[in-house]
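Trainee: First to last, the sequence lines map onto chains B and X. Per UniProt numbering, residue 1 is the first one in the first sequence, and the count goes up by one each step. Per UniProt numbering, residue 1 is the first one in the second sequence, and the count goes up by one each step.
No lab work stands behind these hints, which were simulated from the structure alone. Be careful, since some hints might not be right.
Here are some chain X residues pointing at chain B (derived, C-beta under 10 Å) [to be verified]:
id, residue
1, P199
2, Q242
3, G255
4, H256
5, T277
6, V492
7, Y524
8, P555
9, S565
10, S683
11, P686
12, T690
13, P724
We treat Cβ as the ideally placed atom computed from N, Cα and C, and that holds for glycine.
In case you want the letters, here they are:
There are 2 protein chains.
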Amino acid sequence: MAASSSVTAAQALVGRAISGHSSPSPSHPDRLAFGISSIAGNALKSPAAPRLQNRRPQAASRPRRYAVTRAAAVETLEEKPATEALVEKSINTIRFLAIDAVEKANSGHPGLPMGCAPMGHILYDEVMRYNPKNPFWFNRDRFVLSAGHGCMLQYALLHLAGYDSVKMEDLKAFRQWGSKTPGHPENFETLGIEVTTGPLGQGVGNAVGLALAEKHLAARFNKPDMEIVDHYTYCILGDGCQMEGISNEVCSLAGHWGLGKLIAFYDDNHISIDGDTEIAFTEDVNARFEALGWHTIWVKNGNTGYDEIRAAIKEAKAVKDKPTLIKVTTTIGYGSPNKASTYSVHGSALGAKEVEATRQNLGWPYEPFFVPEDVKSHWSRHVLEGPALEAEWNAKFAQYEKKYKEDAAELKQIITGELPAGWEKALPTYTPESPADATRNLSQQCLNALAKVLPGFLGGSADLASSNMTLLKMFGDFQKDTPEERNVRFGVREHGMGAISNGIALHSPGLIPYCATFFVFTDYMRAAIRISALSEAGVIYVMTHDSIGLGEDGPTHQPIEHLISFRAMPNILMLRPADGNETAGAYKVAILNSKRPSILALSRQKLPQLAGTSAEGVAKGGYIISDNSSGNKPDLIIMSTGSELEIAAKAADELRKEGKAVRVVSLVSWELFDEQSDEYKESILPASVTARISIEAGATLGWEKFVGPYGRSIGIDRFGASAPGGRIYKEFGITAEKVIEAAKSL
Amino acid sequence: MAASSSVTAAQALVGRAISGHSSPSPSHPDRLAFGISSIAGNALKSPAAPRLQNRRPQAASRPRRYAVTRAAAVETLEEKPATEALVEKSINTIRFLAIDAVEKANSGHPGLPMGCAPMGHILYDEVMRYNPKNPFWFNRDRFVLSAGHGCMLQYALLHLAGYDSVKMEDLKAFRQWGSKTPGHPENFETLGIEVTTGPLGQGVGNAVGLALAEKHLAARFNKPDMEIVDHYTYCILGDGCQMEGISNEVCSLAGHWGLGKLIAFYDDNHISIDGDTEIAFTEDVNARFEALGWHTIWVKNGNTGYDEIRAAIKEAKAVKDKPTLIKVTTTIGYGSPNKASTYSVHGSALGAKEVEATRQNLGWPYEPFFVPEDVKSHWSRHVLEGPALEAEWNAKFAQYEKKYKEDAAELKQIITGELPAGWEKALPTYTPESPADATRNLSQQCLNALAKVLPGFLGGSADLASSNMTLLKMFGDFQKDTPEERNVRFGVREHGMGAISNGIALHSPGLIPYCATFFVFTDYMRAAIRISALSEAGVIYVMTHDSIGLGEDGPTHQPIEHLISFRAMPNILMLRPADGNETAGAYKVAILNSKRPSILALSRQKLPQLAGTSAEGVAKGGYIISDNSSGNKPDLIIMSTGSELEIAAKAADELRKEGKAVRVVSLVSWELFDEQSDEYKESILPASVTARISIEAGATLGWEKFVGPYGRSIGIDRFGASAPGGRIYKEFGITAEKVIEAAKSL
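For reference, chain B alone in the conformation it holds in the complex (with noise of 0.2 Å):
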């Protein structure tokens, strides 16, 4: 990709961009396309000016009042809004629509976006910076529903501040068949929402690691003259959120490392499905994140108490050490008569008798789906504002990358996910006589290869490090005091730094965050890992220890069904590189697939570096190390992955001494094979060849795919134990001699 002299949304929308996931959607974006359109048709020219004074130019269209209003709000909060009735009428609108919508559908949750109406419009309205026609604008502050079941609270937001992913017609069609108006948030399917919730605790994960990208983006290309990377991450989570554990492991994180930038508001309306959270949730929350480092506040009046909700987010700014808890009490389903403050309001329409008696109640004369002129006027602003920011944001870079030509260079590669031409030839290559070595360690000479090239390379391990072999030698730790540096120390905290990578990959596309545990770990995140995917965030997982081989430690630690449970995954890659050249290759492929996250298993123990190998053969999923025989005919073929292709290797030796012809083929990810053509996985796995045998140290369950109704399948279908690596594959019959014995069977 050429590279340019600005940024623009263009380009923040095109590199690292190889999608793995289709989206059922016909109306599924084009990103890149809206991206030039908004910059071609809106964006204005406007002057930098210097921070913190009333930077934006007058819009023609503006009433003034809004304008001095809305850039006051932004920046210090101490005016408020001219007329308080109108700021009741946009946020009653938001309720009506979130309403109108659930009844519409006859599904969804509309009791979250009535009760959080005010905090919603204050954010978007009043404090956020963002673009409405440019959702991609580097700059823009972050919002994360991560009680994603209220999504109509967001749409209705994007779709007052002028975004064209939300029209009318997308809250008509709310969670409905191709509509960009799904039953939970999807940044894949709605331009402005910044990443996929709705399982609960994922969102505020999602939002420290936007927030760690911003402190780390921040740290590095700052200057005491300009800050060019400036932005809050806001984020609104419910009881749900607050009492999954994900929730608790990212808000230790977020108090350690001092994200004062990031604040949460905790919609505390004291209802959960099951009913009052009193049945099960009595702890004292606030106590809890004070515990964790936060500064917590407490909206008392979340429903009407405007100014305590604006008060309150001029609070957290001025704490710039600490990240802040606001607690809003509010009442689920606010306005609904018969129906506020139950479990009846969280997830089901209100019926239309109660959604006239909330119509009469709150006195909306209006029909459904009605937005009032004045407010639809106090709205418009936004989107000539919008641009405006992005434009006097625009100017700012081109300074800068005057002044800061390499730190301009390096953050355009992160804001627009070019990768630097040539990053691929720092990856090592190896020969059969380079020294045999654990996976796990060839993994770090990737790492750390990587590092060096790509500028957005940053992560690090639950806790792990020294094990996973992950830490990053050139560079120190990300610390509350050392923001800039890129080994991320995520303590013991599986869940939580899958949801925190996910944040931090979605924040900018030439962010690519690794993360690291034992593979048999994945348990304790699997639900981040899927996220991963669902989201297209490129997240690139270092799985070690990826078998019975790791030993001592037991079944506890020793994976068996993973592989098989990752490669049912839609839109992610299991990868089980085999030594040198597999393991680069794997990273190649991992960086190249930047919307679809890449799992990498790894061995403990020390594998020899094969004859065979190559990282070209790795793009292809599956390929032939070695045969002996000729017209795409061998009597055999045995099929492995990781550390054990080379006891297929040794096995093929051995009958090859006895006159076979032998292929042996490296299946080292079963969704790049599938992906490749007939004609090429013919001539690998010719259909005329039944004698197969696949060895991998896992469940055998998903290998009769490959090896058919007349092959052997070698593998675990039972727990491990805990001896020396060596003697539980012999225990288990892992070897050589069962390939030749199953060889000789068939």
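Position chain X relative to chain B; hints supplied.
Mentor: Then chain X, alone, in the frame of chain B:
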């Protein structure tokens, strides 16, 4: 099984005993035989005595001063052991047994046992009530080493206490093939280990489950004049456990439930694998626990402050309405002059030189694996005292049985796991004329039927009771003040729910916990489910909303890869019933498989009651529901599970109209089908019939096993979508038409 007039250890070991989980250890203990011999050989016949008096008879061989001390310690902790020098010696014995075992294995974790030896000594020697001669004695105190990597601590303690499961040769075989001292504590390998730990945070969850079980049973069965259920649950957890989200989930619940007899020791040693906890864990743990509703204590000198530890336990016991966290500041690797307080002592052998230096430093002149005679003699009383404690309790139970016959019978079933005769008759049956219903609703009928006949049946949902349909209508909520009830409200804490359920299941053979959430959220609790499978905890997982059929909630909520991911997990049953009879059959299987957890995948949507389905069929895993062929030679076999079985039946009807001989097979549990004889399998899926179609609303991977290379699998290999369920089925081609189309193409 025959009823008997008093509860013995033998009874506690039988019943509910269909084990599907084979052990690699040739020395895997035969629990039943052990239990019988211990009772026959060692249990003392002692008179019952009222509680809170010194009720343990003096054993002849036991020096009186220790007996008095121990009794006092147990009840009041008011007197100290007579010689602190001997205590110190015992503590150093524990330390060096751990050091020596790790050294011999050249693998393991010496740091924690060296730091926690004082806690360990005080608990096992002075505080806890147990019977080493019958590790299954019902009323024993439970101990859980949540920081399972430190298992040499517990092995050393079990050895000193006189458990036959850990003899000196077992300590010397630490982490070796077939030993009873695996790399992490495994309840199924080593008698005296309550639960399987190692994956961090699970153990404290199990401990909460054990404490819940005690509180529940005590509330149900204790009488004003007779406390028949009365034990503590102790737990040691480390920094790693504290960082894991699951521990916050379970501790929030423990606080909510007021589990006053749960006493957790937090080994605050400031070191985790990546170094000082300062790099990732700077929260105020005790303040967090106070926010969670716990009583907290800080023992500042955990290394030598034995009296501080004793006083803390005394204080903890005095607080009856809250669980207690005792933060014990220790030095990891205490005694090692060069490695203490470093991460290097966490998970590696000290090395010969440092072992020697540690011997010097702690004044330990003995050879490896040496237990000084005075230490041995001191501990020897437990093999007499333990049986005495049990005999005393047995005598009390005999009285209880006389006075409270019905309660005693119920409790006995809970203690032994014996199922009441004819229990399975309580399960409902259906005919094709019975109304169509969602299997989640049919499941609720089964749950309520079982609760009436199984005294130890209890459970609940992670805040989805009204969606998972899991409420037991005849019972109220298990809460702090109503612990006798059986509906457990877990809140939105799936992972914690799983670990707590494991603890309940492993408390007593007759406790049968079920727990529930949406099937997709097994991703949140997978690590706990795997521990159920590994540790033979017969938890029943009620997983509703099992496919795209759930509709509008969209891809974040729609399972795809989950069925195959559990089919590949060892020692677990994945069941996907299609209608009422299959749901009842699935519950029957689940109850009978007491040592193998079951997952029931259940529909949100209505399904018809199908002709040909049966509970007997479910027990075989796969069976024919309809067939118009003869001679075991159908033209086509259509296989399916759950909600798609209806579609398979419809397609078959159509194809039969066209003259085809079609067999429809329900493959409700692949694991059970795999266990059938080859003859049976051939009678269902004859090898000669290669025209095979599978249809299931999930990943197709794995179905190759049954459809073979000439068949077709209809399924979903992408993420779902947000729309009404019927529409998604149609759009994704999960229809009878697609089956017919595939049939015609074969």
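Trainee: Taking the hints in turn, state whether each one holds.
Mentor: We went through each hint and held it up to the structure:
For P199 of chain X, the suggested interface contact is upheld, since its CB lies about 6 Å from the closest CB of chain B, less than 10 Å. The criterion of a C-beta within 10 Å of any C-beta in chain B is met by Q242 of chain X, whose closest approach is roughly 8 Å, and the hint holds. At a threshold of 10 Å, the smallest CB-CB gap from G255 of chain X to chain B is about 6 Å, leaving the interface hint in force. The criterion of a C-beta within 10 Å of any C-beta in chain B is met by H256 of chain X, whose closest approach is roughly 5 Å, and the hint holds.
Given the 10 Å rule on beta carbons, the hint for T277 of chain X holds: about 8 Å separates it from the nearest Cβ of chain B. Interface restraint check: V492 of chain X against chain B, minimum CB-CB distance 4 Å, threshold 10 Å, status holds. For Y524 of chain X, the interface hint holds, since its Cβ comes within 10 Å of a Cβ in chain B; the closest pair sits about 5 Å apart. At about 6 Å, the closest approach between the beta carbon of P555 of chain X and any beta carbon in chain B falls short of 10 Å, and the interface hint on this residue holds.
Here the hint on S565 of chain X is kept, as its CB sits about 4 Å from the closest CB of chain B, short of 10 Å. For the restraint placing S683 of chain X at the interface with chain B, the shortest Cβ-Cβ distance is roughly 18 Å, beyond the 10 Å limit, so the hint is violated. Annotation: P686 of chain X was flagged as interfacial toward chain B, and the flag is violated, the nearest CB pair being 13 Å apart, outside 10 Å. Residue-level restraint check for T690 of chain X holds (minimum Cβ-Cβ distance to chain B is 9 Å; threshold 10 Å).
Look at P724 of chain X: its Cβ gets to within about 8 Å of chain B, closer than 10 Å, so that hint holds up.
This entry does not satisfy hints 10, 11, going by the numbered hints stated previously.
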